[in-house]
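Asks: These protein sequences, in sequence, are chains U, L and C.
Counted the way this note's numbering counts, the first sequence spans residues 1 to 372.
Counted the way this note's numbering counts, the second sequence spans residues 373 to 744.
Counted the way this note's numbering counts, the third sequence spans residues 745 to 1116.
I should point out that these hints are in silico values taken from the structure, not numbers from a laboratory.
Every value quoted in this text rests on a predicted model; they were computed, and no experiment measured them.
Hints may contain errors.
[As the list claims (entries may be wrong)] Across the chosen pairs, the derived CB separations fall in these ranges:
(1) C/Arg919 to L/Asn404: 58 to 66 Å
(2) L/Tyr470 to U/Lys146: 55 to 63 Å
(3) L/Asp493 to C/Arg949: 30 to 38 Å
(4) L/Asn703 to C/Lys818: 44 to 52 Å
(5) C/Ile859 to U/Leu215: 53 to 61 Å
Note that beta-carbon positions come from the ideal geometry of N, C-alpha and C, so glycine has one too.
Spelled out from the first residue to the last, the chains are:
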Amino acid sequence: MIHMIRLIKYVIRLLPIISITFLTAQKIDTKNVEVSMVKAMEWQEQHPIFTSAPTDWTNGAYYVGVTKAHESTKNPIFSAALKNMGYQNEWKPWDRFYHADDIIISYSYLYVNEIRKGMVDLEPTERFLTDHLYKPHPWREGIEGKDQQILWWWCDALFMAPPVLTVYSKLTNDRSYLDKMHELYLETYDLLYDKEEHLFARDIRFLWKGTDKDLKEENGKKIFWSRGNGWVIGGLALILEDMPKDYQHRDFYLKLYKEMAAKIKEVQHSDGLWRTSLLSPESYDHGEVSGSGFYTFALTWGINNGILNKKEYTPVVTKAWNALQNCQKENGMVGWVQDIGASPEPASADSWQNFGTGAFLLAGSEILKLGN
Amino acid sequence: MIHMIRLIKYVIRLLPIISITFLTAQKIDTKNVEVSMVKAMEWQEQHPIFTSAPTDWTNGAYYVGVTKAHESTKNPIFSAALKNMGYQNEWKPWDRFYHADDIIISYSYLYVNEIRKGMVDLEPTERFLTDHLYKPHPWREGIEGKDQQILWWWCDALFMAPPVLTVYSKLTNDRSYLDKMHELYLETYDLLYDKEEHLFARDIRFLWKGTDKDLKEENGKKIFWSRGNGWVIGGLALILEDMPKDYQHRDFYLKLYKEMAAKIKEVQHSDGLWRTSLLSPESYDHGEVSGSGFYTFALTWGINNGILNKKEYTPVVTKAWNALQNCQKENGMVGWVQDIGASPEPASADSWQNFGTGAFLLAGSEILKLGN
Amino acid sequence: MIHMIRLIKYVIRLLPIISITFLTAQKIDTKNVEVSMVKAMEWQEQHPIFTSAPTDWTNGAYYVGVTKAHESTKNPIFSAALKNMGYQNEWKPWDRFYHADDIIISYSYLYVNEIRKGMVDLEPTERFLTDHLYKPHPWREGIEGKDQQILWWWCDALFMAPPVLTVYSKLTNDRSYLDKMHELYLETYDLLYDKEEHLFARDIRFLWKGTDKDLKEENGKKIFWSRGNGWVIGGLALILEDMPKDYQHRDFYLKLYKEMAAKIKEVQHSDGLWRTSLLSPESYDHGEVSGSGFYTFALTWGINNGILNKKEYTPVVTKAWNALQNCQKENGMVGWVQDIGASPEPASADSWQNFGTGAFLLAGSEILKLGN
């Protein structure tokens, strides 16, 4: 009997190792991808979280993941969650018209509007977008001595507002939304994009002015935040997905996307996951899921759309996805997500956030289309 | 060691087969029925879904199941869900006073009102019912060239409004609700009931006029939709449950119920589950859970109330329930539910809907009372 | 093969016994405590329940448990639930300004206000408290021939309002809240505290007047309700936690706490759990979780704060916690909770209530700090 128990215990202890080995040695098992995605979503729905309100950017980013999960799988478990969320929130963005963060939730509303005619009240989104683009606000002009030099003064903003504007432009068939978006996007690009490193500074605090006060990592490198750049390149994939092929400034986004993709590929860790500080992996030497999820999404999207070289990039995203999946607990929880922040900080197997789950779902939604 | 793993794998692979065999060979295990019901409800609560709003007919039908599950088990896990739902919905039916679909949610409100005095605001239900019965609307008179020839122009309506009217009549001790219901019920009966087949056409599109345009199955038979007839006979059980024994038109409902019950029994598939097209099982040759759940509920109710022959019908519902239970996944999800529709369509092990869970709960609630 | 199955079955059947033995033989395993707490909370969140509204005392008491669980573990899974709940309830207490039950939910709001500046609307709490303390109401003066002789006429009230007043006094740095609280507290103490037994009668119905009509247990003893006294001593721990060390009446609460603690220790059952009727354990001879949870919380708090003798009380609470944990099902549900009531009644392995889960979480939150 005792013998028996020992044997069983041994087998049970072995199981995770067996399955991990199995996964990384193999190609992507797509059935398994969808199962992981469903579990991640179910766990997240059972653990509602937000920083300010259910319509804030944390949920906004999460539901972009749910949106893409539905688009990719057509599994009604995802659309049910989207409709329920939008209905409860009365299809409203959050409060601050000048704040890009507060409109990303509408990305999901616009999707529900597409799959279910007549259900979504688009008026609050419409009003927000108009105010966001045109209503006077100090941020727009820049505040002396503050970080807010432009409307989209932090790189995360490039995920929060531009994809919504792109979809809304498509829906209304009105390119003026794209034109205005491009104007604002260029402001951020000019302010924060590092043309040598091909990465975005999170905000002006991380720009180098050649003085002693420049923020740097211990290894002397500039601080490029993984999630921050994840917001940008993830946002670029979303923008390019819905931007008309013949839009006059499309090439700008395409070029930027490719440049960043190459760099992201370059700084991937050998275990498949990116570190929170891209040029200083040793700062917190473990994979982080929100940044890695956005990268996996963005790069796989590029492969799937013939923009990135399939042969070159497929091993990158396959390895990344398998590593992401190992950050998911048996109960569905996606761990190793850096908490809300503005620069590299550590994560742990137990640190989760809705937007981390969102990044995981985004990654899965494109991985599913990879084929083998 | 390898040997050991193989053995364990073998046992695990065998388990479902063992348990299925075990179940069908045995009578109903009532402890097990309640466990299945609780799991079904828990899964459904964790996956809120609706087509138009949380108070629409899909949730309405689901919560009829939860209501009957509570009535039958007295397990507070069901009443907690009912109270929570009603409170969140402010005890309101959905919007359209003329649409039978929009009042079925009140079936649950009326039940909560019974088990918890003073909690439920009955005013919105009351107002809806009065408007529904008397307020002018084009459907009532019939719209030229459209399916809406009468207020209850589709057979599903016989589940959506009449049971609510019956309970409300009982609560207010006012038979005028029954009288008006009977008038409307007869209109539908006259329009859609097939007196030869003892089944309801879903709506006038499925009636035969003896022309080439008559809709028919590939085998040449009329199209009788399983769920559609499930709505009718399930509704009849609900109506008869609360209709006074001495109500003047009770015999009409009793006769209709018995006629349909005999036919339903006749067209059961040997595996225990009904096909979506009752007279053309080969169209989609697999069991479908929403129709089968309503049938199991309705027939078992008849046995439990001494209306159907116990000896004759018990094997029918026992086999049906065991087959229904095999459509439930380990996590509680009830599969094999045909999606929202108006005529036979296929289902799959992964297709679920709240009203399917409702039908499952209804079935279980009567199966529990069967005894062995 | 058959042999194999038998062996596996045997092992599986043995597992609970093995783990129970293991637990009681060992000291507290703190990692395991937090796991139990998270599971209890997750199950409860998935099974929302209330008696009158989501802001009533049942949820109020539950969320006091969630609050302390977060304070103790800092696990964001608890704060996420608190924020979500408060946001959905618009940070409102329930309706009746004169009813102590309706303000306990604000205990959690005040905590969220502490951990998340600017999120909580404190106005509804503020208004309730002022009205509660000063607005005229029949209960305040006492109603002739009714139980309501004073505002806090039942002992449960001492958990519902005083801890909220204490925290609010601390927040506003205004001791007038404490002074008024003390005045009301003394009224209840004078009316219901049994100075010989060192326990509270639930309300005046349970006081002895020396007549034949005195309510008593079959064994001739007075009826002292476990949960009722759990409310009081649990409330005392909460009050003492936040009452300034130099508050003029602090010693009254300290003395009362110690007196009750000694009595509670005395009437613990050898299996670690208290019976619903403290002086008549044989009435319902099984452990009950809500009372036992409050006792475990209160006594452990006393040990952790150097008020109770560590050596003397640690075995009491260790045994109690291990027994409490055995009342939790594998899925997280905390059973053996007496239903809503006002005097001893039986419970079962399947009887659960949100406030029972709250008591469990409170117990765990202090047990975690015990150290070994």
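Asks: Next, verify each hint and record whether it holds.
Replies: Results of checking the hints against the structure:
no., hint, in the structure
1, C/Arg919 to L/Asn404: 58 to 66 Å, "holds, 60 Å"
2, L/Tyr470 to U/Lys146: 55 to 63 Å, "holds, 58 Å"
3, L/Asp493 to C/Arg949: 30 to 38 Å, "holds, 33 Å"
4, L/Asn703 to C/Lys818: 44 to 52 Å, "violated, 31 Å"
5, C/Ile859 to U/Leu215: 53 to 61 Å, "violated, 29 Å"
The structure is inconsistent with the numbered hints 4 and 5, although it conforms to all the rest.
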